[in-house]
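Trainee: Using the hints, position chain W against chain E.
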Amino acid sequence: MVPLAVEENPPPEVVPEPLRAPLPDFRTVFKEQAPFVWRTLRYFGVKESDLEDVSQDVFVVVHRRLADFEGRSTVRTWLYRICANVAANYRTKAHRRREQLSDQVPEQEARATQTDGLERKQARELLAGLLESLDEDKRAVFVLYEVEQMPMPEVVAAVGCPLQTGYSRLQAARKQLERELNQMKAVGRLR
Amino acid sequence: MSEHKGRKEPIDAMSEDLSSLVDNARGGDPSDKELRGLEARLLPLLGPVAGGAAEGGAAEGGAGPAGAGSEVGGAAAGGKAALTGATATGATAAGGTALIKVAVVATVVAGASVALLLTWPAPQTPESPVEPPVLQIPEESPPLEEPTLDELLEAGRRTEAGEAPPLEESRPRRPRRAVEAAGDDLAEAELLDRAQRVLGNDPSKALGLVREHAQRFPRGKMRLEREVLRVDALARAGRNEAAAEAARRFLAQNPGSAYQERMQALLRANH
Numbered sequence: 000m001v002p003l004a005v006e007e008n009p010p011p012e013v014v015p016e017p018l019r020a021p022l023p024d025f026r027t028v029f030k031e032q033a034p035f036v037w038r039t040l041r042y043f044g045v046k047e048s049d050l051e052d053v054s055q056d057v058f059v060v061v062h063r064r065l066a067d068f069e070g071r072s073t074v075r076t077w078l079y080r081i082c083a084n085v086a087a088n089y090r091t092k093a094h095r096r097r098e099q100l101s102d103q104v105p106e107q108e109a110r111a112t113q114t115d116g117l118e119r120k121q122a123r124e125l126l127a128g129l130l131e132s133l134d135e136d137k138r139a140v141f142v143l144y145e146v147e148q149m150p151m152p153e154v155v156a157a158v159g160c161p162l163q164t165g166y167s168r169l170q171a172a173r174k175q176l177e178r179e180l181n182q183m184k185a186v187g188r189l190r
Numbered sequence: 000m001s002e003h004k005g006r007k008e009p010i011d012a013m014s015e016d017l018s019s020l021v022d023n024a025r026g027g028d029p030s031d032k033e034l035r036g037l038e039a040r041l042l043p044l045l046g047p048v049a050g051g052a053a054e055g056g057a058a059e060g061g062a063g064p065a066g067a068g069s070e071v072g073g074a075a076a077g078g079k080a081a082l083t084g085a086t087a088t089g090a091t092a093a094g095g096t097a098l099i100k101v102a103v104v105a106t107v108v109a110g111a112s113v114a115l116l117l118t119w120p121a122p123q124t125p126e127s128p129v130e131p132p133v134l135q136i137p138e139e140s141p142p143l144e145e146p147t148l149d150e151l152l153e154a155g156r157r158t159e160a161g162e163a164p165p166l167e168e169s170r171p172r173r174p175r176r177a178v179e180a181a182g183d184d185l186a187e188a189e190l191l192d193r194a195q196r197v198l199g200n201d202p203s204k205a206l207g208l209v210r211e212h213a214q215r216f217p218r219g220k221m222r223l224e225r226e227v228l229r230v231d232a233l234a235r236a237g238r239n240e241a242a243a244e245a246a247r248r249f250l251a252q253n254p255g256s257a258y259q260e261r262m263q264a265l266l267r268a269n270h
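Sequences listed follow chains E and W, in order. Number 160 in numbering that gives the first Met the number 0 belongs to position 161 of the first sequence; there are no gaps in the numbering. Number 25 in numbering that gives the first Met the number 0 belongs to position 26 of the second sequence; there are no gaps in the numbering.
In case anyone wonders, no lab produced these hints; they're calculated from the structure. Remember, predicted model here, so these are calculated numbers, not experimental data. C-beta atoms are modelled at their ideal positions from N, C-alpha and C, and glycine is treated no differently. One thing to keep in mind: the hints can contain errors.
Claimed, not checked - Below, a list of computed lysine-lysine pairs in the DSS-like style, where the Cα atoms sit at most 30 Å apart:
{"hint": "1", "chain 1": "E", "residue 1": "46", "chain 2": "W", "residue 2": "32"}
{"hint": "2", "chain 1": "E", "residue 1": "174", "chain 2": "E", "residue 2": "46"}
{"hint": "3", "chain 1": "W", "residue 1": "32", "chain 2": "E", "residue 2": "30"}
Claimed, not checked - These stretches of chain E come out as covered by chain W in the derived footprint (C-beta under 8 Å, 3 or more residues):
{"hint": "4", "segment": "25–39"}
{"hint": "5", "segment": "51–65"}
{"hint": "6", "segment": "168–176"}
One chain only, chain E, in its complex shape (with noise of 0.2 Å):
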C-alpha cells in the first residue's frame, strides 16, 4: 500500500496564455498523457516493474485532483509535479519494495527487452542512474527540457522557477552529468 499523501500545492506562477488549456476529462488525459507519465515515473528512480503499480497511483491522484486542475499550467506540468509528489513517496518505500519484487526480476528483464531494444534499455537505465545524483530542482528541469523536450517556458511553469533559472539549472545538470560521464568512462564502467 502506498499512502498517497501527495501535497499539491503549486506555486502560483502565471501561465502564458498560450500555454492555457482547457479542462480536459479524465479519460482523456489518461489516453494521452499515461506514456508521459510512464516515462516520467521512470526517471524519478521508479523500477521498470513497478512502472505500472507506480502510474496506477498517479492517477488515481489525477482523478482525485482534477477538478483542482484549473489550468493554470499545462496538463503536462502538473502530471509531473503529480508524479513528482507520487515518485518521491515510492522511493522512501522503495528499499522495502525490493525486498519483495527480488523474486521477480526475471520477469521484468524479459518484458523490458521485449519492447525495445537492448541498447536503448541500457541507455536509459544508465541515464536513470546518472540522474539520481542529480539534485530534485536539477533533474526536474533536465528530464523535461533534454528527454522530453519541452519548451523551457513550460519546464519553468512546471518546476515554478524564473526562465533565466531554468537555465542556470539546466545548465549545471548538463555540468555535472557529463562529469560523472567521465568518471564513469575513466574508470572503464562505461566504454
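Mentor: The following block gives chain W in isolation, referenced to the frame of chain E:
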C-alpha cells in the same frame, strides 16, 4: 525532435557523450500491453458512471499485495478449457490416460474448493454463478500435485506409447508458468475491459463477464476493480439489494482501498 536541436540556448551545449546518451534513452513508452494493463486497473475511474467520485485515502495495491498477483499461474488463459490445458500439458487426451486424469482432477478440485472458500467467499446473492465448479482451476493450485500430475500422465503415456516421450515435452512446467502468468494478466485486463464497455448498455452482460472473471481469476490482480464493476452492474440492472450486499462485502474485505469512497457512494445511491 529536431526542433529541439534548433532551439536557442543561452548556455553551453551538451557534450557529445551526454547528448547521445540522452538521444538513446529518449522514448521508452509503455508497450500496448502495458498500457492496456494500466487502463484495466483504472477502469473504475475511467468508467461511464456519472458523478463517480472515486477518491481514496490510500492507493490500492501500490506495491505490496500486487506482487502476489503475478504469482498467478496454473490457470491457462483458455478459461474453462484450462483444466485440460494445465493438467495434460500438451498430451492429447487419449483413452488410456483419461482415467488417470479424472482421478487427479478430483483431487485438484477437492483441494481447490476448500482454498476458494477460505479466501474468497462465494457470493451469497442470487446472482451466484450456477456453472458447476468442476471446471474451475484455482489460480493457486496446490504446488504439491504438479509433479505428481506430470508423473501420472507421464506414466499413462508411456504405457500407452510403449516408450518415453522426449525429455523437453515432459518438463515444460516452470517456463510455462511464467508465460501463462503474463498471459493471465492480459486475459484479466481484457475481460474487465469488455465488461466495462457493455456496462452502460447491457449491465446483465457486464455482470456475466464479471462472474467469468471471478471464476477464472478469483485472486487476480484486478479483483478489486472487478468487484467495483460488479456493484455498478448490479445497480444498473436494478438489483439494488444484491448491489448493496456486494458493496458491503467489498468494504468489509478491503478496508482503506482506493475504491472505498466510490463503493460508499454506490451504496448511498442505492438506498
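Trainee: Going through the numbered hints above, which ones does this structure break? Give me the numbers in ascending order.
Mentor: Result: no hint breaks.
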